[in-house]
Every structure is written in C-alpha cells, then in structure tokens.
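Here's the letter readout for the chains.
Number of protein chains: 2
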Amino acid sequence: MKIIRSIKKIQSLTKQLASEGTSIGLVPTMGFLHEGHLSIIKRALQKSDIVITTIFVNPTQFAQGEDLTTYPRDEKGDIQKIKDAGGQIVFIPKASDIYPNGYETYIEVESLTKILEGKSRPSHFKGVTTIVAKLFNMTRPDVVLFGLKDFQQATVLKKMTTDLNYPIKFIIAPTVREKDGLAMSSRNKYFSKSERPDALALIYALKAAKEMVKANITDCQRIQKEMQAVIKTTCKKARIEYIAFNDFNSLKPTDKVVKNTICSLAVKLYNVRLIDNMKLM
Amino acid sequence: MKIIRSIKKIQSLTKQLASEGTSIGLVPTMGFLHEGHLSIIKRALQKSDIVITTIFVNPTQFAQGEDLTTYPRDEKGDIQKIKDAGGQIVFIPKASDIYPNGYETYIEVESLTKILEGKSRPSHFKGVTTIVAKLFNMTRPDVVLFGLKDFQQATVLKKMTTDLNYPIKFIIAPTVREKDGLAMSSRNKYFSKSERPDALALIYALKAAKEMVKANITDCQRIQKEMQAVIKTTCKKARIEYIAFNDFNSLKPTDKVVKNTICSLAVKLYNVRLIDNMKLM
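Keeping their order, the protein sequence lines are chains A and H.
Sequential numbering from 1 applies to the first sequence in our numbering.
Sequential numbering from 1 applies to the second sequence in our numbering.
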C-alpha cells in the first residue's frame with residue numbers, strides 16, 4: 001500500500017492513473033477509522049480499480065471552541081486498518097500544505113447549509129465543501145463515497161459536486177452501527193463506560209419515530225414530542241439541539257412524514273455532540 | 001473544428017483526450033472575439049496539443065444594471081475567427097445548463113476581490129471564479145490562458161487555481177492594443193466614431209505615468225494627479241472610478257512605485273466603462 005503525504009506526488013500519481021485508464025475511488029476521512037469508514041472503503045473497492053483513502057482533520061470545518069485540537073487521531077492504526085480493508089493508497093497531507101499562508105478561497109453551497117447542522121455550526125459546511133473540492137482536484141476521482149450518518153454533509157457535497165460539474169459519481173453509503181444500535185463515530189470514544197449507554201438516546205428516539213410512522217402517525221410535531229420524551233428518559237442531562245424532518249434530497253422541512261422524509265437530530269451528551277438520522281418513509 | 005454545446009459531450013471528450021495523453025489548453029471567453037482573444041488562442045496552441053475556446057456570456061458576473069442583456073454577441077463570427085486562428089474545439093454551453101434551477105454553489109477568493117474592480121463591482125469576481133472553476137471541471141485543461149487587460153481577474157483566478165489545487169498551468173497573456181494604443185475590448189464597439197478618440201484617455205494617462213517613473217518620479221499621489229489631468233484634458237466628461245497602484249501579485253496597494261507595481265484604472269466614458277493597466281516598474 002502506498003502512503004503519500006505530498007500534494008504534488010498525489011497529483012502526478014492520479015494523472016498517471018487516469019492516462020492508464022485506471023478508475024479511482026475516493027474516500028475522504030478525518031482518520032480515527034471505525035467499521036463505518038472501512039465498510040465505505042470496501043464498497044469503494046467494488047466501484048473502482050483503485051481506492052484512495054484520505055486522512056485529514058480539516059481545520060476549516062471546526063469552529064472556535066469545537067474539538068479540533070482534541071479530535072482523536074491514530075495514524076498508525078488507520079494505515080493498518082486501510083491496508084487490511086484492501087485500500088491501495090492513503091493520502092495524508094499536512095495542514096500547512098493544504099492551507100498555506102495567505103490561503104483565501106472558499107466554496108459555499110448557499111441555502112442547503114443554512115439549516116440543521118449549518119444552523120448549529122455556521123461555518124462548518126463551507127470548510128467541508130472547500131476541502132472536498134480541493135481533494136477532488138488533487139485526486140480526480142471517478143467515484144467518491146460518503147457515509148449516510150452525516151446525511152446533510154452528503155447532501156451538501158452531492159449538490160456541490162453537481163453544481164460545479166465535477167465528472168464524479170457520488171455514492172452515499174449506509175450508516176454502520178454498533179451492536180446496540182449506536183451509529184459508529186470517531187467521537188464515540190469520548191464517552192466513559194458509565195456514560196456510554198446514554199448515547200443510545202438518539203437511536204432509541206429514531207426507532208420510536210419509525211414505530212409511530214408504521215402505526216400511521218405522520219404528524220412531525222407529535223413524533224418530535226415523543227422523541228424528546230424518549231431522549232430525556234434515556235438521559236436526563238441530554239441537551240437536544242434539534243430534531244428535524246426534511247426531504248432527503250432538497251432538505252426542505254416537512255410537517256408530515258411523506259416519502260423520502262428523513263428525521264435527523266443532534267444531541268449533546270456530557271459535552272459530546274452526537275448526530276444521527278433515519279429515513280422514516 | 002468541433003463545436004460542442006453539451007456539458008456531457010465536452011466532459012466525455014476531454015476524458016478521452018486525457019486518457020490518450022493529449023494535453024488541453026483552455027481559453028475561456030465571453031465571445032465577440034477581437035485580436036486580443038485570438039492572440040491568446042494562438043499562444044495556447046503553442047502550449048498544448050489541443051485548444052478549447054469557450055464562449056459563454058456568464059450572467060453571474062454581471063450585477064443588476066450592468067450590460068448583460070446588451071453585451072455584444074456574434075457567435076457565427078466568433079466560430080469563424082477561432083477556426084482561422086487554428087482552434088480545434090469551441091464549447092458554447094447554454095446558460096440554463098450551466099446554472100440550472102436551484103443552482104446555489106459559489107466560489108470566492110475572499111480578500112483579493114474586495115478592492116479595485118471588486119469594490120466597484122461587488123459580486124463580479126464571485127461569478128468569475130465560479131464559472132471558471134466549472135469550466136475547469138468540464139474541460140480539465142493542462143493549461144489555461146487569460147489576458148492581462150483584466151489583470152485583477154487574472155490575479156484572482158490564478159489565486160483560485162492555486163488555492164483549490166487545480167493541476168493547471170496558469171498563463172497571463174499580454175494586452176493587445178489597437179494601433180492608436182486603445183486596449184482591445186469587446187466593449188469598444190459601444191463608442192460612436194466621434195466618441196472613439198476620447199477612449200484613448202486611459203492609455204494616455206498610463207503612458208504619462210510611465211514617463212514620470214522613467215524620470216524618477218515614483219510618488220503615486222503625484223502620478224495619480226497627473227493622470228487625472230491627462231484624462232480630463234482628453235475627455236471632459238470622463239468619470240474616473242479609480243486610479244490605483246498595487247503589487248502585481250499580492251494586489252497590495254502602494255504609495256510609491258517599486259518593482260512589480262502595476263497601475264490600473266477604470267473610467268466611465270459616455271456610459272461605457274473601460275479598464276486598462278500598465279506595469280510601471
């Protein structure tokens with residue numbers, strides 16, 4: 001497996017691959033890989049000849065006061081996991097190469113980013129779309145894969161990819177969960193053993209919503225109230241940032257669960273901010 | 001010569017060219033081509049195997065009240081001129097394909113665009129960087145060429161290209177002038193025969209500045225005053241928008257002409273807005 005740290009090198013390598021007709025799959029990550037990432041890498045291997053996994057904790061998508069400096073890292077472990085999963089190339093650029101002195105170009109998807117996560121984290125998506133476009137230009141993939149867990153991120157990036165005419169197939173991979181249902185996330189490691197059960201508040205709430213829809217209850221306000229109760233029952237200290245109901249593609253909010261309605265939520269538990277989502281119909 | 005109007009077609013063609021190892025030169029234009037454009041196309045032919053000239057009057061770089069609807073167009077004439085210059089591919093996309101309903105992704109170079117032209121035309125460069133990045137993604141050129149006449153545009157686009165890691169060589173081609181010195185511009189056709197001599201106010205002012213620097217006068221305020229006088233003498237009705245002195249690369253303003261100082265100006269004459277520039281040292 002090739003480990004590349006220089007932008008020039010990844011660019012000359014991907015140019016050579018393109019000239020040989022080798023198709024490239026890109027899996028951008030912030031490292032500290034879990035089963036969710038590895039399942040995406042394996043999926044990418046089915047879609048392209050060669051998979052480039054990138055590891056970069058992107059500073060521009062963290063706001064001041066967020067967990068940039070404490071974000072968990074394990075480069076050695078990540079490299080081993082990618083190798084074991086069958087990945088052929090790992091790209092690990094330096095922050096000072098990605099954002100050199102005087103850097104000042106940013107990409108924004110203007111309206112999809114104003115709601116949900118974007119409302120809680122105003123500059124977050126601008127950082128995400130910018131770094132992903134830069135990775136597109138460095139690696140020129142034929143296909144790119146993102147996880148459904150960050151569904152708004154996937155939707156925003158898909159919109160960016162289409163709007164800017166990148167000739168890249170965009171695949172959203174399903175969320176991988178722990179045995180008990182908690183969505184895999186690098187941030188799960190922040191919980192102590194005694195706190196960990198409370199993290200299930202999100203999936204319990206989403207399952208309750210799904211059950212209500214199965215029982216033909218489609219009023220979002222009613223479902224939301226029930227979800228709030230479930231969360232509070234699981235963990236008294238939980239602070240709910242939002243529970244939202246939107247169309248999966250347009251992100252248009254809805255009062256009633258219809259086809260393609262996705263319910264998403266963000267909850268702060270013991271200073272750890274978790275997100276999760278589920279398609280309700 | 002190939003004339004392509006579909007985004008899909010240009011993308012499959014450029015993908016094929018890349019896989020064959022053919023290098024691509026890109027010359028983005030808004031059409032109504034003059035000798036300035038043609039000299040850029042000819043230069044591009046020396047730098048790459050195949051040259052794609054694009055013709056697209058980009059709506060997002062015009063503000064309300066600017067000359068989008070009246071901007072001169074001559075598709076037939078343009079195609080003939082490109083053919084005569086040796087261009088192999090012309091790409092003429094439709095505005096509704098470039099900006100379909102719901103389009104909402106924009107690219108901004110944040111500080112270089114706040115001065116000079118960007119001050120006079122606040123949303124202009126956001127439109128320019130966005131369309132050029134889109135054209136980059138559609139055509140994947142090895143080299144791109146822009147004219148020096150719009151020097152801030154060239155500087156901003158070069159910065160965007162570098163910041164976003166496009167693997168594209170960026171060339172700035174010298175300004176081509178009419179015999180009397182007027183910088184070639186599609187907007188020159190707006191002048192009536194009697195108004196046309198007044199359009200020389202800009203080059204007269206720039207030449208006066210150059211002469212002063214040759215005589216070791218490097219104080220920008222003094223040079224600016226002289227330039228204002230020259231402009232007013234040439235055309236009483238001229239409205240000067242700005243006369244500025246900046247570093248060519250960083251666009252940093254300067255009080256004293258030093259190496260790489262470029263003087264640029266924008267002047268409104270009979271409702272036609274002209275720009276020009278000259279390196280003074």
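If you are wondering where the hints come from, they were derived from the structure by calculation, not from laboratory data.
Be aware that one or more of the hints could be misleading.
Where chains are identical, the list cannot tell them apart; a pair therefore holds if satisfied intra-copy or between any two copies.
Here are the simulated lysine-lysine pairs, DSS-like style, with alpha carbons at most 27 Å apart [said to hold, decoys possible]:
{"id": "1", "residue 1": "K2", "residue 2": "K256"}
{"id": "2", "residue 1": "K169", "residue 2": "K237"}
{"id": "3", "residue 1": "K76", "residue 2": "K114"}
{"id": "4", "residue 1": "K210", "residue 2": "K126"}
{"id": "5", "residue 1": "K214", "residue 2": "K232"}
{"id": "6", "residue 1": "K158", "residue 2": "K179"}
{"id": "7", "residue 1": "K15", "residue 2": "K279"}
{"id": "8", "residue 1": "K15", "residue 2": "K169"}
{"id": "9", "residue 1": "K214", "residue 2": "K15"}
{"id": "10", "residue 1": "K119", "residue 2": "K76"}
{"id": "11", "residue 1": "K81", "residue 2": "K225"}
- Message: For a quick check of understanding: which of the numbered hints are violated here, in increasing order?
- Response: Of the numbered hints given earlier, those the structure breaks are 1, 2, 3, 4, 6, 7, 9, 10 and 11, listed in rising order.
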